[in-house]
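Undergrad: Based on these hints, arrange chain B on the given structure of chain A.
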Amino acid sequence: MEVISSSTKAPFEQAFLKNLLLILQDRSSSTPFHAMSLHDRKLAVKSSADIAMAAARGGGARWPKAILPPATTVANSCKAQRCRRIIVRSKRLCGGNYKRKSSMVVVRRRTMALRKVVPGGDAIDMDEASLLREAMDYVVHLQAQVDVLRRVSEVVQAQSTSDLRCMAMVVIRDPGFVASIMLCKAGEESMDQDFDWFFDRSVREL
Amino acid sequence: MSSRRSSRSSVSEEEINELISKLQSLLPSSRRRGSNQASTTKLLKETCSYIKSLHREVDDLSDRLSDLMAGMDHNSPGAEIIRSLLR
Chain A
14 MEVISSSTKA PFEQAFLKNL LLILQDRSSS TPFHAMSLHD RKLAVKSSAD IAMAAARGGG
74 ARWPKAILPP ATTVANSCKA QRCRRIIVRS KRLCGGNYKR KSSMVVVRRR TMALRKVVPG
134 GDAIDMDEAS LLREAMDYVV HLQAQVDVLR RVSEVVQAQS TSDLRCMAMV VIRDPGFVAS
194 IMLCKAGEES MDQDFDWFFD RSVREL
Chain B
22 MSSRRSSRSS VSEEEINELI SKLQSLLPSS RRRGSNQAST TKLLKETCSY IKSLHREVDD
82 LSDRLSDLMA GMDHNSPGAE IIRSLLR
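Chain order of the listed sequences is A and B. Under my numbering, think of the first position of the first sequence as 14, with each following residue one higher. Under my numbering, think of the first position of the second sequence as 22, with each following residue one higher.
Hints may be right or wrong, so weigh each one.
Selected chain A positions facing chain B (in silico; Cβ < 10 Å) [to be verified]: (1) Arg54; (2) Leu56; (3) Ser61; (4) Asp63; (5) Lys129; (6) Leu145; (7) Ala148; (8) Met149; (9) Tyr151; (10) Val152; (11) Val165; (12) Ser166; (13) Val169; (14) Gln170.
The calculated label-pair distances, taken between Cβ atoms and stated as ranges, are [to be verified]: (15) Lys43(B) / Leu51(A): 38 to 44 Å; (16) Ile185(A) / Ser70(B): 35 to 41 Å; (17) Asp84(B) / Ser43(A): 20 to 26 Å; (18) Lys66(B) / Asp39(A): 35 to 41 Å; (19) Leu51(A) / Glu35(B): 48 to 54 Å; (20) Thr62(B) / Asp39(A): 40 to 46 Å; (21) Ser60(A) / Ser60(B): 17 to 23 Å.
Calculated directly from the structure, the hints in this document are not laboratory data. Computed from a predicted structure; not experimentally measured. Here a beta-carbon is modelled for each residue, glycine too, at the ideal position from N, C-alpha and C.
Next comes chain B alone, as it looks inside the complex:
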């Protein structure tokens, strides 16, 4: 019983380590540092801040897009194209 439990938990550990290394390759810092052994805690922290920075980027781009759409020059030919896309 206890051996079964410990083998289950070791498989989980492997799986988690594999997931963590995959996650590391997604983060922008992985290209800079080229290190392959960041600590798990650091990596999770970095993932959090990366997601937050992506959220901020989406917010900024959405703001920019909403301003552009509101201020579309009604006379320009291009605006007619955009309006027809949104109609």
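The shape of chain A in the complex, shown without the other chains:
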């Protein structure tokens, strides 16, 4: 089993993060988060996370297609044209040759529970070998999704304490990740200024 190195994990996490921010931004532009009901808000964040994960995985597996709505709906749900261009696809985390088809379609009782939890697992033409490959791929990307969501929560939580010291701690402990968030808006001048201002201020507060 090849080791999932951070060099292969990082592109997916970057793409996932970028997609997540784009989708959340798009949703909050129609209704701000604080104006949504509790239920709608939780649903919005959860579905954004899943769509972001599936879009970042791209076409190398089947489970993303089971999560993403048909192409026309995705295009329509993102008002801005740029959403369609920018949904970033990354390299596969796992190696493995998806092009080689199993010669047998095998349906076994023991895989039925697994088919229910893996998106697209209950497709008619999903044979056992493909199901196992899909499950592995899905698990690896779920782990990455959990990882990114946890770190985003930490960053947002740090600022909610109105304590720049907390925020600075997050930056120092996980500089690469915070940099990723900043880089998602790279190229915008105001963002660079915000980062410098924020970093200077937080260092002074320490």
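TA: Showing chain B alone in chain A's frame:
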């Protein structure tokens, strides 16, 4: 004809066993037990419950994130940064 069929099915069996051992290395229990021969049925059950627990974790984190985002203090400097990220 029948020999061809049986050789095809034995290749599939090998492939499946290889996939199963790869899958086992992904599961958290593989680090604890250090066993290399969990039964296939147990492994599939464990994969199911692992995926479900990851789903629960994503749900909890999404809930936490949505609460944080709704309750962002509008006056803190950090909130302005986060808002500019989401604008």
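Undergrad: Could one say that the CB atoms of serine 60(A) and serine 60(B) fall in the range 17 to 23 Å?
TA: violated, 36 Å
Undergrad: Does serine 61(A) meet its interface restraint, that is, does its C-beta lie within less than 10 Å of any C-beta in chain B?
TA: Status holds, d = 8 Å.
Undergrad: Against chain B, is alanine 148(A) within 10 Å by beta-carbon distance?
TA: Hint holds; alanine 148(A) Cβ to chain B Cβ min 6 Å, cut 10 Å.
Undergrad: With 40 to 46 Å as the target window, see if threonine 62(B) and aspartate 39(A) comply at their CB atoms.
TA: At roughly 44 Å between Cβ atoms, aspartate 39(A) and threonine 62(B) fall inside 40 to 46 Å, so the hint holds.
Undergrad: With chain B as the partner, please determine if glutamine 170(A) meets the hint condition of a C-beta pair closer than 10 Å.
TA: Holds. Min distance 6 Å.
Undergrad: Do the numbers back the hint for tyrosine 151(A), that is, is its least Cβ distance to chain B under 10 Å?
TA: holds, 7 Å
Undergrad: When you take the CB atoms of lysine 66(B) and aspartate 39(A), is the distance between them in 35 to 41 Å?
TA: holds, 39 Å
Undergrad: Does the interface hint hold: is aspartate 63(A) within less than 10 Å of chain B, judged Cβ to Cβ?
TA: holds, 8 Å
Undergrad: Take the shortest C-beta to C-beta distance between leucine 145(A) and chain B; is it under 10 Å?
TA: For leucine 145(A), the interface hint holds, since the closest Cβ of chain B sits about 4 Å away, which is under 10 Å.
Undergrad: Identify whether the interface hint at methionine 149(A) stands, where standing means a beta carbon of chain B within less than 10 Å of its own.
TA: At about 5 Å, which falls below the 10 Å cut-off, the nearest Cβ of chain B leaves the hint on methionine 149(A) intact, so it holds.
Undergrad: Taking the least C-beta to C-beta distance, is valine 152(A) closer than 10 Å to chain B?
TA: holds, 5 Å
Undergrad: So does leucine 51(A) sit 48 to 54 Å from glutamate 35(B), Cβ to Cβ?
TA: Hint holds: Cβ distance 51 Å, inside 48 to 54 Å.
The structure fails hint 21 only (numbered hints given earlier).
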